[in-house]
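Novice: One letter stands for each residue in the lines below.
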Amino acid sequence: RKEVEQDPGPFNVPEGATVAFNCTYSNSASQSFFWYRQDCRKEPKLLMSVYSSGNEDGRFTAQLNRASQYISLLIRDSKLSDSATYLCVVPLGGTASKLTFGTGTRLQVTL
Amino acid sequence: DARVTQTPRHKVTEMGQEVTMRCQPILGHNTVFWYRQTMMQGLELLAYFRNRAPLDDSGMPKDRFSAEMPDATLATLKIQPSEPRDSAVYFCASGLRGTGELFFGEGSRLTVL
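Residue numbers (this note's numbering), protein chains in the order written: chain A, 1 to 111; chain B, 1 to 113.
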């Protein structure tokens, strides 16, 4: 099993739709998680952090399921500008410093 | 506006040539990461440093790749000799230990012919 796995997509959704992505991880000791966003031909940027209670920021909600070892990202009322690749990040290694990225899930929001 | 600076932005070279990529992390950040991104593999961690000390370079092909931080303002990634399969975008990122927030440079797009 890969350390961090994501469905590559693409997820094609109409504007206004709700869409959710999952990311599974193999290291049960991981405590914190992150979602990054990467636009085409740009660098990744932090979108949200995910701790035990999850996190909500406007239309974006991130949740953690420790029992099943996955994190999720929910986007409500999708906008065209949400089109991007969403990468989940899991700190691995003995000191949990090894920030390991999933391969990303591509989202395309259409009119 | 603090940012991570990478050079060169683009590099085309021939197989067998040496390639050096440079990164200036954000002042005050104590962790520096090197990632490689390809369509097939996504973002692969090559090496990372904390307080300039290498912590993990297990993702890096040791026979041809080397990563160093000669000082707090400069991180380098060297490939010698380069091969076509090294063609990718190489990202440098810096952050503060424990925050999980990394600030990425714009990347160095390498093409090895």
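Just to be clear, a hint being listed does not mean it is correct.
[Unchecked claim] Computed Cβ-Cβ distance ranges for the label pairs, DEER-style:
#, chain 1, residue 1, chain 2, residue 2, range
1, B, R85, A, A20, 42 to 52 angstroms
2, A, D57, B, M39, 24 to 34 angstroms
3, A, G16, B, M39, 28 to 38 angstroms
4, A, G9, B, T7, 27 to 37 angstroms
5, B, V12, A, E5, 26 to 36 angstroms
6, B, M15, A, E56, 41 to 51 angstroms
[Stated by the list, open to error] For lysine-lysine, the following DSSO-like pairs were computed, each having C-alpha atoms within a straight-line distance of at most 30 angstroms:
#, chain 1, residue 1, chain 2, residue 2
7, B, K78, B, K62
8, B, K78, A, K42
9, A, K98, B, K62
What the hints contain is simulated information worked out from the structure, not anything from laboratory work.
Here a beta-carbon is modelled for each residue, glycine too, at the ideal position from N, C-alpha and C.
Novice: Compare the structure with each hint and give your call.
Specialist: Here is what the structure says about each hint:
With their beta carbons about 35 angstroms apart, R85/B and A20/A fall outside the hinted range of 42 to 52 angstroms. Between D57/A and M39/B the beta carbon distance is about 29 angstroms. The supplied range of 24 to 34 angstroms therefore holds. In this structure the hint that G16/A and M39/B lie 28 to 38 angstroms apart at CB holds, the actual value being about 30 angstroms. As the Cβ distance of G9/A to T7/B is approximately 33 angstroms, the hint placing it in 27 to 37 angstroms holds.
Separation of V12/B from E5/A is about 33 angstroms and conforms to the stated range, judged on CB atoms against 26 to 36 angstroms. Checked against the given bound of 41 to 51 angstroms, the beta carbons of M15/B and E56/A, roughly 50 angstroms apart, stay inside it. A distance of roughly 11 angstroms separates the Cα atoms of K78/B and K62/B; the hinted pair therefore holds under the 30 angstroms criterion. Of the supplied pair hints, the one linking K78/B and K42/A holds, its CA atoms being roughly 22 angstroms apart against a limit of 30 angstroms.
Taking the CA atoms of K98/A and K62/B, the gap is about 18 angstroms. The hint holds against a cut of 30 angstroms.
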